[in-house]
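Which chain is which? The protein sequence lines are A and B, in order. Under my numbering, the first residue of the first sequence is numbered 1, with each subsequent residue one higher. Under my numbering, the first residue of the second sequence is numbered 1, with each subsequent residue one higher.
Incorrect hints may appear among the rest.
DSS-like cross-link-like pairs, simulated, lysine-lysine; straight-line CA separation at most 27 Å [as the list claims (entries may be wrong)]: (1) Lys-214(A) <-> Lys-257(A); (2) Lys-108(A) <-> Lys-175(B); (3) Lys-213(B) <-> Lys-46(A); (4) Lys-188(A) <-> Lys-213(B); (5) Lys-265(A) <-> Lys-202(A); (6) Lys-20(A) <-> Lys-46(A); (7) Lys-58(A) <-> Lys-27(A); (8) Lys-54(B) <-> Lys-105(A); (9) Lys-181(A) <-> Lys-214(A); (10) Lys-110(A) <-> Lys-20(A); (11) Lys-24(A) <-> Lys-105(A); (12) Lys-229(A) <-> Lys-265(A); (13) Lys-64(A) <-> Lys-5(A); (14) Lys-226(A) <-> Lys-265(A); (15) Lys-84(A) <-> Lys-226(A); (16) Lys-54(B) <-> Lys-108(A); (17) Lys-110(A) <-> Lys-126(B); (18) Lys-314(A) <-> Lys-303(A); (19) Lys-226(A) <-> Lys-278(A); (20) Lys-110(A) <-> Lys-54(B); (21) Lys-175(B) <-> Lys-84(A); (22) Lys-354(A) <-> Lys-306(A); (23) Lys-58(A) <-> Lys-52(B); (24) Lys-54(B) <-> Lys-112(A); (25) Lys-213(B) <-> Lys-126(B); (26) Lys-84(A) <-> Lys-213(B); (27) Lys-265(A) <-> Lys-206(A); (28) Lys-292(A) <-> Lys-52(B); (29) Lys-54(B) <-> Lys-15(A); (30) Lys-105(A) <-> Lys-52(B); (31) Lys-213(B) <-> Lys-15(A); (32) Lys-126(B) <-> Lys-64(A); (33) Lys-77(A) <-> Lys-54(B); (34) Lys-84(A) <-> Lys-126(B); (35) Lys-126(B) <-> Lys-112(A); (36) Lys-84(A) <-> Lys-46(A).
Just so you have them, the derived chain B footprint on chain A, three or more residues with Cβ under 8 Å [unchecked claim]: (37) 83-90; (38) 125-135; (39) 149-159; (40) 186-199.
In short, the hints are calculated from the structure, not lab data. This one's a predicted model, so the numbers in the text were calculated from it and none came from an experiment. Heads up, the beta-carbon is just placed ideally off N, CA and C, and yes, glycines get one too.
Listed here are the chains, written in short residue letters.
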Amino acid sequence: MIELKNVTKSYDNNKIIVDKLNLKIEKGEFIVLIGESGCGKTTTMKMINRLIEPTTGKIYIEGKDIMSMDPIELRRKIGYVIQKVGLFPHMTVGQNIELIPMLQKWDKAKRKARAMELLDLVDLPANEYYNRYPNELSGGQQQRVGVIRALAANPNIILMDEPFSALDPLTREQLQKALLKLQDELQKTIIFVTHDMDEAIKLGDKIAVMKDGKILQYDTPEQILKNPKDDFVEYFVGKNRLWKSPEMLFARDIMNKKVATISIKRSHAHAIELMKEKGVNTLVVLDTESSKPQQPLGIVRKKDLKLNEKHSAKIKDIMHTDLITVPESMNMVDVLNLMAEQQLKNVFVIDDNKNLSGIITQSSILNVITEVVTD
Amino acid sequence: MSLNSQTNFFEFLSYRADEIIRLLFEHIQITGFAVLLAILIGVPIGIFITRKEKCANIIIGIANIFQTLPSLALFGLIIPFLGIGITPSIFVLFLYALLPIIKNTYIGINSVDPSIIEAGKGMGMKSSQILRMVELPLALPMIMGGIRISTVINIGTATIASLIGAGGLGDLIFKGISMNDSYLTLAGAIPTSLLAIGADTLLGMIENALVPKGIAKVQRDG
């Protein structure tokens, strides 16, 4: 765990870069520091490996004050990746990766095995790339090497300073995916600096939006998108951002909470009445009429009622029980895929207790789109 | 010059061969020693002033003064302090060799991409490790360039040092001039020129062998 307590960095006692900043990062979390240039995000990150030392305040890693540690030892426990990659041009890819293990006196076979393993992990076949020089690689390949070089000595923490921002969009996306894949496997604590909100949303477990050396909001990407704390965060996130990230919209955000329901004890005739009254084609069947949360038992459709002209028939005999439901936490992309695959006009949303919580219809989706796009 | 006189010149050379070879080695010794001294002192000074930027201008300024003074004047200035002979000659040649080596070391190290240094530092390399494993190898082509310039300048200037008793091929040149003997002058001048060209070529080969493969390629591409 990393903890920054009241950390301030100022130069010449007047220019404050980081201002009484507090930040807690749990083990294994992927944190993104984001803000405009000069907001102090890079300075904040560099204070964690003491490339910059705080003017006041304390930084703890696993409860230990980093100012009491040897900076060289500290840095060797923290991987470091920078925008300009900074591979040593006079060393081969293998030598670059093995440098810190070598300085830590790992034996040669162990270092080499580690380098080979890491190269394969980022899809650079070790046989082909181990002996190449950095200038024989493309920018994207160089940064892959930059990332695994930071991982070589197996640090628990990785600092990344805009590592992908100099790459073309296609390569950037590939590297973002590769990084997420690595993170799934390795579960490092990552502090990632960027000014690109798309990147932050894609990668971060949590995002810290910074301005003037302070953190304005430190939250999950979903919360930052849906509930920006103030005008700056909202402006920085961008109004249409939510729409660009449909995976951040969940069933609970797009569902209509008013669902036309009917008790299982009612009759065919009553169902027709209800449909007319509410102007709907489907009714969800519940156990009782009361408004307490209940599990949906099935649905009745208008066309079922027409086939079944016996008005005295009970709902439980005509309802369909093969009701398709989705959890509240399913994201919009998955909901749309499901509806397209199953050719559904609507799906029902259930909460954690399997109780009915809403309905997603084509019109409720259209409403969300209208709201987000025209806002 | 007629064909006849050319044959005579070669006869002259073979007649004087022992002396020419002795003076050639003397020449190599003086310049070699001066350049070696300049490397041993100039490279560390060059490194030092990349760490203490404030000193850089002062030290390069001082080295510049020695470089600007006419060599003959500098030899003259040194006689009251060190007298004549090999020691003052080597000392003056050393001063001449110093500037290109200091300056090129300084520029070479300063022109290493700061992001490479930052990466090394951030990874947990000590500054001595960064210097030894990163900065010096990357600055090597530049430093070798300085050494080559110093060596070539010194081989030329060393001929003048013969005026204060350094010996070397300058002896033949000046003797030839004073005796109006062009064979004698050429017997000093031609080996001096060949020595300069040879030394530059040799150092170029050493440079190619020492400069790491990765950066050699960059230079070829760029």
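The hints, checked one at a time:
| no. | hint | verdict |
| --- | --- | --- |
| 1 | Lys-214(A) <-> Lys-257(A) | violated, 38 Å |
| 2 | Lys-108(A) <-> Lys-175(B) | violated, 63 Å |
| 3 | Lys-213(B) <-> Lys-46(A) | violated, 32 Å |
| 4 | Lys-188(A) <-> Lys-213(B) | violated, 35 Å |
| 5 | Lys-265(A) <-> Lys-202(A) | violated, 48 Å |
| 6 | Lys-20(A) <-> Lys-46(A) | holds, 16 Å |
| 7 | Lys-58(A) <-> Lys-27(A) | holds, 18 Å |
| 8 | Lys-54(B) <-> Lys-105(A) | violated, 37 Å |
| 9 | Lys-181(A) <-> Lys-214(A) | violated, 31 Å |
| 10 | Lys-110(A) <-> Lys-20(A) | violated, 43 Å |
| 11 | Lys-24(A) <-> Lys-105(A) | violated, 33 Å |
| 12 | Lys-229(A) <-> Lys-265(A) | violated, 48 Å |
| 13 | Lys-64(A) <-> Lys-5(A) | holds, 12 Å |
| 14 | Lys-226(A) <-> Lys-265(A) | violated, 41 Å |
| 15 | Lys-84(A) <-> Lys-226(A) | violated, 34 Å |
| 16 | Lys-54(B) <-> Lys-108(A) | violated, 42 Å |
| 17 | Lys-110(A) <-> Lys-126(B) | holds, 23 Å |
| 18 | Lys-314(A) <-> Lys-303(A) | holds, 16 Å |
| 19 | Lys-226(A) <-> Lys-278(A) | violated, 31 Å |
| 20 | Lys-110(A) <-> Lys-54(B) | violated, 45 Å |
| 21 | Lys-175(B) <-> Lys-84(A) | violated, 61 Å |
| 22 | Lys-354(A) <-> Lys-306(A) | violated, 30 Å |
| 23 | Lys-58(A) <-> Lys-52(B) | violated, 31 Å |
| 24 | Lys-54(B) <-> Lys-112(A) | violated, 43 Å |
| 25 | Lys-213(B) <-> Lys-126(B) | holds, 24 Å |
| 26 | Lys-84(A) <-> Lys-213(B) | holds, 21 Å |
| 27 | Lys-265(A) <-> Lys-206(A) | violated, 48 Å |
| 28 | Lys-292(A) <-> Lys-52(B) | violated, 77 Å |
| 29 | Lys-54(B) <-> Lys-15(A) | holds, 24 Å |
| 30 | Lys-105(A) <-> Lys-52(B) | violated, 32 Å |
| 31 | Lys-213(B) <-> Lys-15(A) | violated, 45 Å |
| 32 | Lys-126(B) <-> Lys-64(A) | holds, 22 Å |
| 33 | Lys-77(A) <-> Lys-54(B) | violated, 34 Å |
| 34 | Lys-84(A) <-> Lys-126(B) | holds, 21 Å |
| 35 | Lys-126(B) <-> Lys-112(A) | holds, 23 Å |
| 36 | Lys-84(A) <-> Lys-46(A) | holds, 15 Å |
| 37 | 83-90 | holds (count 8) |
| 38 | 125-135 | holds (count 3) |
| 39 | 149-159 | holds (count 3) |
| 40 | 186-199 | violated (count 0) |
When each numbered hint is compared with the structure, violations occur for hints 1, 2, 3, 4, 5, 8, 9, 10, 11, 12, 14, 15, 16, 19, 20, 21, 22, 23, 24, 27, 28, 30, 31, 33 and 40.
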